[in-house]
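Respectively, the protein sequence lines represent chains S and A.
Residue numbers for the first sequence follow numbering that gives the first Met the number 0, beginning at 0 and rising by one.
Residue numbers for the second sequence follow numbering that gives the first Met the number 0, beginning at 0 and rising by one.
Some hints could be false.
[To be verified] In silico contact screen, one side only, chain A against chain S (beta carbon under 7 Å); selected entries:
hint, residue
1, Arg444
2, Arg552
3, Asp554
Source of the hints: derived by calculation from the structure; they are not laboratory data.
Glycine is no exception: its CB is placed at the ideal position from the N, C-alpha and C atoms.
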Amino acid sequence: MKSSLYIHTPFCVRKCSYCDFNSSEDPGISLDEYVLLLINELSSEAGRFKVESAPTLYFGGGTPSLLSARQVAAVVQVVREQYGLEKDAEVTLEVNPGTVTPELLEGYLAGGINRLSIGIQSFQDDKLRSLGRIHTSEEAKDAVRMARKAGFRSIGIDLINSLSGQTLQEWATELQEAIALQPDHISAYGLTVEEGTPFGAMAERGELDLPDEETSAAMFELTSSFLRSSGYEQYEISNFALPGCRSRHNQGYWRRGNYLGFGAGAHSFSREQGFGARWENPQQMSDYAETVRRCRPPVAATLLRREAMEEFFFLGLRLLDGVDLDAFKIEFGTHAEEEFPGVIERMTASGLLVRDGGQLWMSAHGLILANRVLCEFL
Amino acid sequence: MSIENIRNFSIIAHIDHGKSTLADRLLEYTGALSDREKQDQFLDKMDLERERGITIKAQTVRLNYTANNGTTYILNLIDTPGHVDFTYEVSRSLAACEGGLLVVDASQGVEAQTLANVYLALDNNLEVFPVLNKIDLPAAEPERVIQEIEDIIGIDAHGAVLASAKEGIGTHEILEEIVSKIPAPKGDPAAPLKALLFDSWYDQYQGVIILVRIFDGILTKGDRIQLMATNSSYEALKVGVFSPVMTEVKSLSAGEVGFVIAGIKDVADAKVGDTVTHVPIQGKKPCAAAFPGFKEVKPMVFSGLYPIDTSQYEQLRDALAKLKLNDSSFSYEPETSIALGFGFRCGFLGLLHMEIIQERLEREFNLDLITTAPTVVYRIHRTDGAMTQIESAARMPEPQFIDYIEEPFILAHIHVPNDYIGTVLALCEEKRGVQREIKFLTQTRVMIIYELPLNEIVLDFYDRLKSISKGYASLDYEHLDFRKSELIRMNILINNETVDALSLIIHRDKAYYRGRDLVKKMKELIPRQMFEVAIQAAIGNKVIARESVKALRKDVLAKCYGGDISRKRKLLEKQKEGKKRMKNVGNVELPQEAFLAILKIED
């Protein structure tokens, strides 16, 4: 099979106030032990999955930049040997600016990483502090410069808007600072306050001064218009890239390509059988270690035909290119109009979706109200 | 068993003062409920009753108790519904007893509702003796509460049993008091049969079951009986008692309490308060006169019930029919709304009754409903001299056809600590009340008696009363009469279309600020839509208030990567579920709360 690969590193120096991902300041084992588990998992699963070619490999977290260059290189090596990592594969690693040195970045490049995704989030130190980030704005900028100097040709940065107390003007300044660094890729997310995070608790106590819907909408619109006018293409709701610099790995998620996840709490999706299956490794480190030791892979949930059809739209419409209705017909043997009667007509009539022949995509208005559109396909 | 050894009694208590728990202890102590059968609050059968801690349908049970004096007694515990909406039912249950246990929370003291029931009991010449419950709690103040009972009710409370139903303290003493203090029933088994029907319900397998208290004569299985108010006759197919499970007996004699199954098809034919006697055949004689005090129970509060999903109309109709089987005090008839489609106008005894029915429909029958704001019956006197009763604003004729309108008034007894007299009086005045009396019951508590329009009560009076008195005030009311009043119809327009289901009848003097508050509240309750939604309140063609809900600006999940897909999908599914619970009126989606906005206005 052909599949993208994801490696999860659930370690963090400090957990951010907004983060509800599987990561921890103390997962209970050392990084060395964890890398060993990863390599064991990759090796023992290789025979089961029989991946002939892997177009992308992604180190996500947590904070994968806590891994040493040697540890990363070792994992990449295993993937190359046992998962047919393609020659021109996109190999990304997420970087926390508070963890990097020039030597480390050079080491990553030498070890096979060719794309960095740097979690900057904000260029304002007070915002960074309230987000619980471990770095300053200057350190974040340095990280980008360092990455360039080390020789990375594809660098992405992450930013968050709609932060507590943030004004539209402040967000405009953030965007200007961002493009001044000339990244190849920018992910700009509206803050989602998740339950069970420090922000979630603060929101409940009324301690967050979140921008109102109007301001948050204006930030979303400004992001699109400003980055587009600066030469970036918006290819997904929150993702922008210079031509040719889109994240191949992430596009795979929205196009429902195969991906295999390794490490604690990593998710996988395979379309090898039926309408596809999703599964997830145990989040708890001890449980994860146990499954690796005993070679007991997690149980997969198979998708029903209907669910697969829903995902076709639910995921595909996040991309600005949208979905190909002819491809739907080929995959499911039925017309989308029959499966979702009236929906496409209604959504195009209200200007949220645009259709041209077999291609269907979200309008600018549709993007900002994406949930309303996606709901219709569930 | 000799009539001398029978005791018929009720437990009179405020909600939460522990009536059901005490009933359980009595059942356990007398062995009526073995440990294995033990289920908390045996007498409250429905889940809803258990959750709300109130009794909706009365249950009755026979206990056998061997007292300290060595004699075995039959104790009939006649349970009473515990809410203001069911005053008449309570009075009939009490009429079946010779005595009552007045259960008072040892820390909270006497509440208005308890008081109303105590007076009902005393009116029925019951021997009432007090029990202080929850005596184990640190906040218990038995001395103060005993004094309060004597001051307020005027009965001797110094011998009050100190009990904790939860801990089983005082159960034996209570049983001894029942035997010694409550008189044995009087009655002549040789006289013509005269029995009081004090409860009835529909059983899926047995048909209507009626509960009776025999005052004179003997009712034997197979007898031909007649119900005097409805003037219908039946054969007593089964006669028995609850002990606590249904147990058949050959006959019930004067002084006894039990059930009769007589092939009655409709619970509406077995009216509470009716008199049961023999049909004059086979040498049997009917009694000379029926019991006094029989009343037809009529619904006083009305609201429209509509399925959110129009395809559930049939289901709703069937569900209403099923509920009606067991509850003759509730009424329904088809109603059509331009905004909501096909539904029913339902009548209830009061607000609690309304809420209970709604909850049962949603819970037991899985229906998603829109309930319109409750209203009362108005008498419209037309210019042509005719009088019509309406229970929905949508049916109000055009003003030129109306001579005058009358609305129902109630007599409210509000029981409140001294500190809140001022605020409660202000509230009563605001609600167009007419003061009758203020009674200073003790140094700290007063009883405020007001005549109030029922239409104000069904809106937000009770909630307001609770909130301004920090929960200390309690309310009890009875219906008085109809009075001429300056009432008008106010319409609500959504995006310039009148929504009939939102129309209401209100007093002219209140129209302006009610309208303003109402549209403001609706603005909060209606979620943003894809377009701006205008909300207007109008009288005739005149718009008196306007608000608008701005168009939805942003609704988007920022992230959806490999590890998020299942979770984000669930999130959107939940959002979609929420939309399904809204009613499309024109192209505007209105949540259930918007229809009850009038109830949610805070001042």
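These are the hints, each one checked on the structure:
no., hint, in the structure
1, Arg444, "38 Å, violated"
2, Arg552, "4 Å, holds"
3, Asp554, "4 Å, holds"
In this structure, only the earlier hint numbered 1 is contradicted, and the remaining ones agree with it.
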